[in-house]
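Novice: Chain residues, written in single-letter form:
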Amino acid sequence: MTDFPPQLMLFWRPGLTGAMLALLLPLLGLYLRLRQEYWAALAYGQLGAAGALGALALGAPHIAGGLALGLAVAGAKHRLEKRLPPAGLFPLLFILGWSISLLLAANLPGVERLGAALFEGQLYFAGTDMLCGAALALVVGGLFLWRTGRLLLLASLCPVHFHAQRLPAWRVRAGFDLLAAASLALAVMSLGVMGAFALVFIPPWLAFALAPGWRAALVAAPALALFAYALAFALALIHDQPFGPTLALALGALALPGALAMRFAGRAESGKGTAD
Amino acid sequence: MNLLQAVRLSAGWRRPAHRPVSFTLARGEILALAGPNGAGKSTLLAALAGSGARVFSGSIHLAPALRIGFQAQHLPPLASVPLSGVELLALTGARPQGLPEPLAACLHRRLDRLSGGQRQYLFLWSILQAPADLLLLDEPGNHLDKAMLAGLPSVLRARAGQGAGIVLVSHDAELARTCCDRLLRMESCDD
Numbered sequence: 000m001t002d003f004p005p006q007l008m009l010f011w012r013p014g015l016t017g018a019m020l021a022l023l024l025p026l027l028g029l030y031l032r033l034r035q036e037y038w039a040a041l042a043y044g045q046l047g048a049a050g051a052l053g054a055l056a057l058g059a060p061h062i063a064g065g066l067a068l069g070l071a072v073a074g075a076k077h078r079l080e081k082r083l084p085p086a087g088l089f090p091l092l093f094i095l096g097w098s099i100s101l102l103l104a105a106n107l108p109g110v111e112r113l114g115a116a117l118f119e120g121q122l123y124f125a126g127t128d129m130l131c132g133a134a135l136a137l138v139v140g141g142l143f144l145w146r147t148g149r150l151l152l153l154a155s156l157c158p159v160h161f162h163a164q165r166l167p168a169w170r171v172r173a174g175f176d177l178l179a180a181a182s183l184a185l186a187v188m189s190l191g192v193m194g195a196f197a198l199v200f201i202p203p204w205l206a207f208a209l210a211p212g213w214r215a216a217l218v219a220a221p222a223l224a225l226f227a228y229a230l231a232f233a234l235a236l237i238h239d240q241p242f243g244p245t246l247a248l249a250l251g252a253l254a255l256p257g258a259l260a261m262r263f264a265g266r267a268e269s270g271k272g273t274a275d
Numbered sequence: 000m001n002l003l004q005a006v007r008l009s010a011g012w013r014r015p016a017h018r019p020v021s022f023t024l025a026r027g028e029i030l031a032l033a034g035p036n037g038a039g040k041s042t043l044l045a046a047l048a049g050s051g052a053r054v055f056s057g058s059i060h061l062a063p064a065l066r067i068g069f070q071a072q073h074l075p076p077l078a079s080v081p082l083s084g085v086e087l088l089a090l091t092g093a094r095p096q097g098l099p100e101p102l103a104a105c106l107h108r109r110l111d112r113l114s115g116g117q118r119q120y121l122f123l124w125s126i127l128q129a130p131a132d133l134l135l136l137d138e139p140g141n142h143l144d145k146a147m148l149a150g151l152p153s154v155l156r157a158r159a160g161q162g163a164g165i166v167l168v169s170h171d172a173e174l175a176r177t178c179c180d181r182l183l184r185m186e187s188c189d190d
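Taken in sequence, the protein lines are chains Y and P. Position one of the first sequence corresponds to residue 0 (numbering that gives the first Met the number 0), numbered consecutively onward. Position one of the second sequence corresponds to residue 0 (numbering that gives the first Met the number 0), numbered consecutively onward.
Some but not every residue of chain P turned toward chain Y, in silico, with C-beta under 8 Å:
1. Ile67
2. Ser79
3. Thr91
Computed far set for chain P versus chain Y, every beta-carbon distance over 10 Å:
4. Arg13
5. Val20
6. Glu28
7. Asn141
8. Gly160
9. Arg181
10. Leu183
11. Asp189
Don't read these hints as lab results, they were simulated from the structure. All values reported here derive from a predicted model rather than from experimental measurement. Every residue gets a Cβ at the ideal spot worked out from N, C-alpha and C, and that includes glycine.
For reference, chain Y alone in the conformation it holds in the complex:
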């Protein structure tokens, strides 16, 4: 019988928390990329961090603070987008979230440790509350995407047909925004801002380039993310490294050969001549 290393047995809760997020975030990333909203992932993540730190400074639970700020911004997104010049909302929110987080962490002594954890991604401290949050996010997110994935695609690819069909545009759009904001806020508290962003950005980026269709992309992106996550989890644990950067590095290292394969595939395709 194979014995698991004692560290792995000790950290089953963080391990499972991260694995569930590693399945959910790339799926959200596919739709964010489709909607050309991957800046939103950074903004929601950074705002989640700012909300968590703000809540801690006020003596409130940090998970509730992160979720509340992320959800508030996602709820107001449509109105804010209408009032601001185009393409500026999410970069602006990211910058504001980043500055508020760092200022809170620098000036409030009790907040400093959590601040460092949010940026480094201290997955190994995730407890039962984070495990339950991640499980809830995966179940709700999975069900939502299973039920509305077709509508999200239709709204992006055939928007006028989508509206003409009198489909529930507001419900689909707002539901996805809230789901993305809540999931990112949760993920940041265990994987760190850039670790969470790497899961949202890199696997969908490769899946968009390499998958033969949408269904294949829905399988490939979480599979790649889960593989990189397992690798990073073991490496960070064995070598006592912060988890967020290790995960980002593992994803980047796996993405590089994929990106090169894309490049060669593109050249081979253009060598055959385009369909036009």
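Guided by the hints, dock chain P onto chain Y, whose structure is given.
Specialist: Same frame as chain Y, but now just chain P:
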């Protein structure tokens, strides 16, 4: 029974884009909207679909529980979206049966790896064969090669034969002449 009735209708975005028009459309009919650029043809389609254009005067009456299919003039940006032709048709609920053979053979390829004409035809097909009673088509012949364009009137007539009403905008006078039952000439408010 009329699917659609427009009475002295003038639509636009910030101000009326065309002079008032009145028309009806029954099941099985194809109506072409003609006129120069800026005559408000696409705006009128958007108003009929309830897709944002404002009705400044007159009224639109739609049959109850009418299902509308709307093909936009411009394709969405598809660069690097991993979506195959089969998946596109499944999105709108369109049937692949009857698709011209060269395109049927491309159905499992990614749309961004097809030619502009092939992509346009698949998008048109995905709307044309979607479950809908009223079809609004904005320049359906855009980017199609001669062979695809030549086959388009019979495809449109077949769809009308199944009971759909079609309103189409086309700069191609030959397409409008060969497949449309009526032609409505539109004029800009500035004329």
